[in-house]
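Under UniProt numbering, the first residue of the sequence shown carries the number 1, and numbering increases by one thereafter.
Since the hints were made in silico from the structure, they are not lab data. Incorrect hints may appear among the rest.
In silico EDC-like pairs for lysine to aspartate or glutamate, Cα to Cα no more than 16 Å straight-line [unchecked claim]:
no., residue 1, residue 2
1, Lys119, Asp109
2, Lys262, Glu274
3, Lys119, Asp66
4, Lys119, Asp48
5, Lys54, Glu9
6, Lys119, Glu74
7, Lys262, Asp276
Bear in mind that the values here come from a model prediction, so they are computed numbers and not experimental data.
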Amino acid sequence: MSTTNTTLEGRTAVVTGAGAGLGRAEALALAGLGANVVVNDVGPAADDVVAEIKALGAGAVAVTGDVGDWSMGERLVAAAVETFGGLDVVVNNAGVLRDRMLFNLSESDWDDVLRVHLKGHAGLSRAAAVHWRAASKASGAPVYGRVVNTSSEAFLFGAPGQPNYSAAKAGITALTLATAQGMSRYGVRANAICPRARTAMTADSFGEGVDAPGGLDIMAPERVATLVAHLASPAADGINGQVFVVYGDMVALLAPPTVEHKFTAADGTFTPEELDAQLTPYFTGRDPYRNYAAYSVAALDTTGTQQTPTG
Numbered sequence: 001m002s003t004t005n006t007t008l009e010g011r012t013a014v015v016t017g018a019g020a021g022l023g024r025a026e027a028l029a030l031a032g033l034g035a036n037v038v039v040n041d042v043g044p045a046a047d048d049v050v051a052e053i054k055a056l057g058a059g060a061v062a063v064t065g066d067v068g069d070w071s072m073g074e075r076l077v078a079a080a081v082e083t084f085g086g087l088d089v090v091v092n093n094a095g096v097l098r099d100r101m102l103f104n105l106s107e108s109d110w111d112d113v114l115r116v117h118l119k120g121h122a123g124l125s126r127a128a129a130v131h132w133r134a135a136s137k138a139s140g141a142p143v144y145g146r147v148v149n150t151s152s153e154a155f156l157f158g159a160p161g162q163p164n165y166s167a168a169k170a171g172i173t174a175l176t177l178a179t180a181q182g183m184s185r186y187g188v189r190a191n192a193i194c195p196r197a198r199t200a201m202t203a204d205s206f207g208e209g210v211d212a213p214g215g216l217d218i219m220a221p222e223r224v225a226t227l228v229a230h231l232a233s234p235a236a237d238g239i240n241g242q243v244f245v246v247y248g249d250m251v252a253l254l255a256p257p258t259v260e261h262k263f264t265a266a267d268g269t270f271t272p273e274e275l276d277a278q279l280t281p282y283f284t285g286r287d288p289y290r291n292y293a294a295y296s297v298a299a300l301d302t303t304g305t306q307q308t309p310t311g
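Can you make the complete structure from the sequences, with help from the hints?
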């Protein structure tokens, strides 16, 4: 049995895109641990989730609007402070899809996805950082702050039909690391998840649900929400600047990028001929899956083992 503190009693969280799917599951999981929740979405579904949270005995308020609007971050932080007296947890989840191959990608396809995903994450993270930094300076001590960002495996293996989405998720991962580095002195912990969950947004990718032991769909968003709630809790104080792949019965911690091989110029400066002599033999006959893209992550199954990718 764990001896660490996983309760969120007395804490307040903001969850974006929480009207349905993964965001809803995350909001309910946080409320289940005792947190008050500011529920954000673009439409009235946020009110339904507020009602579900209140039925659990936690506090909740809906704030509707587009996280791609920079001012929305400030509105969400203000709602947390004004309604519940503070802010402790931010879960950036809201997103949209505009899947296209690169040669079919329009400017609006690019802008919509980057605006909602990356700008949406940045706007709320920035507003929360302002709040937490001010609170830390006022008290002269670290505060309690948790940020859980939603990245994706798409950035790890370069989803060919999602150049906009992949780029946004890579940016979110970098934003998470910068948040972790820049805000840790104030008591804030920031981590990213790469989830697989069966929601309306992923219905075309994952299809129908499949019952697993216990009757819960193996791709149920509730499985992801359990990790999010843990990362939001006091028990996760030692987890910062990490990226997790999570779905089914698996949570996989990713290692930072590593140097595979170093090429060094013999006389201090490469010539074109020397680069050719060193690089060309190294890449000749190389496994096409052994490139910068993390195909080993794409091949993870729900037992945590790795399979050889196909196609």
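List of violated hint numbers, smallest to largest: 4
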